[in-house]
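J.: Residue numbers (this note's numbering), protein chains in the order written: chain R, 1 to 113; chain W, 1 to 112.
The set of hints was computed from the structure by calculation and includes no laboratory data.
Do not rely on the hints blindly, as some may be mistaken.
[As the list claims (entries may be wrong)] Here are some, though not all, of the chain R residues that point toward chain W, as calculated from beta-carbon distances under 8 angstroms:
1) 40
2) 42
3) 51
4) 98
5) 102
6) 104
Glycine is no exception: its CB is placed at the ideal position from the N, C-alpha and C atoms.
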Amino acid sequence: NAGVTQTPKFQVLKTGQSMTLQCAQDMNHEYMSWYRQDPGMGLRLIHYSVGAGITDQGEVPNGYNVSRSTTEDFPLRLLSAAPSQTSVYFCASSYSGTNNEQFFGPGTRLTVL
Amino acid sequence: AQSVAQPEDQVNVAEGNPLTVKCTYSVSGNPYLFWYVQYPNRGLQFLLKYITGDNLVKGSYGFEAEFNKSQTSFHLKKPSALVSDSALYFCAAQTGANNLFFGTGTRLTVIP
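Just chain R, with the same shape it has in the complex (with noise of 0.2 angstroms):
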């Protein structure tokens, strides 16, 4: 059982490119979830997902897509990276979206150049 997992674990990009952070969950959890973590701020839920086909934006949704085509896989696309998007991202999956705990990656770091 390998839980969440997270590619890549560090990435370093250039302002305007693009890229997909990839997460899966081999628990067969229902919901899933990104969060961004900066300092000082705690973590900040970008979009999640209560099922296969269905997604939904968070608090900083702005400059990222998700799509949910299966239960396993949560990606997360980087549509023009900028530097205020440096930040270490986590996913997360859980039974249901509510009073169930979330069970975190290990998280990618990216570098916005």
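Model the placement of chain W on the given structure of chain R, informed by the hints.
T.: Structure of chain W alone, referenced to chain R:
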């Protein structure tokens, strides 16, 4: 605005002493409350949660948390701190699938 506050950026405690990490929340309704721990270069790990019922919740690694509705607080406690408890601790409050609010984190250092 809805939010979770962790008033202390840093908490230092001697090994063997009791520890408390404070959390207060300002969210609508009756939120679910969580504590997570983050070790260096790792994702967050679940410690415990309050859904309903007994105000004292017991969790992993000997941690417990006390829910106080009148003070809207959910403080994390442990009777005897270990050096290995040194980490970053996050409190979170949830009222829905897209309404999960994290505090800014408290760095706990346990001094040998």
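J.: All hints, please: hold or fail.
T.: Evaluation of the provided hints:
{"no.": "1", "hint": "40", "in the structure": "holds, 6 angstroms"}
{"no.": "2", "hint": "42", "in the structure": "holds, 4 angstroms"}
{"no.": "3", "hint": "51", "in the structure": "violated, 11 angstroms"}
{"no.": "4", "hint": "98", "in the structure": "holds, 6 angstroms"}
{"no.": "5", "hint": "102", "in the structure": "holds, 7 angstroms"}
{"no.": "6", "hint": "104", "in the structure": "holds, 3 angstroms"}
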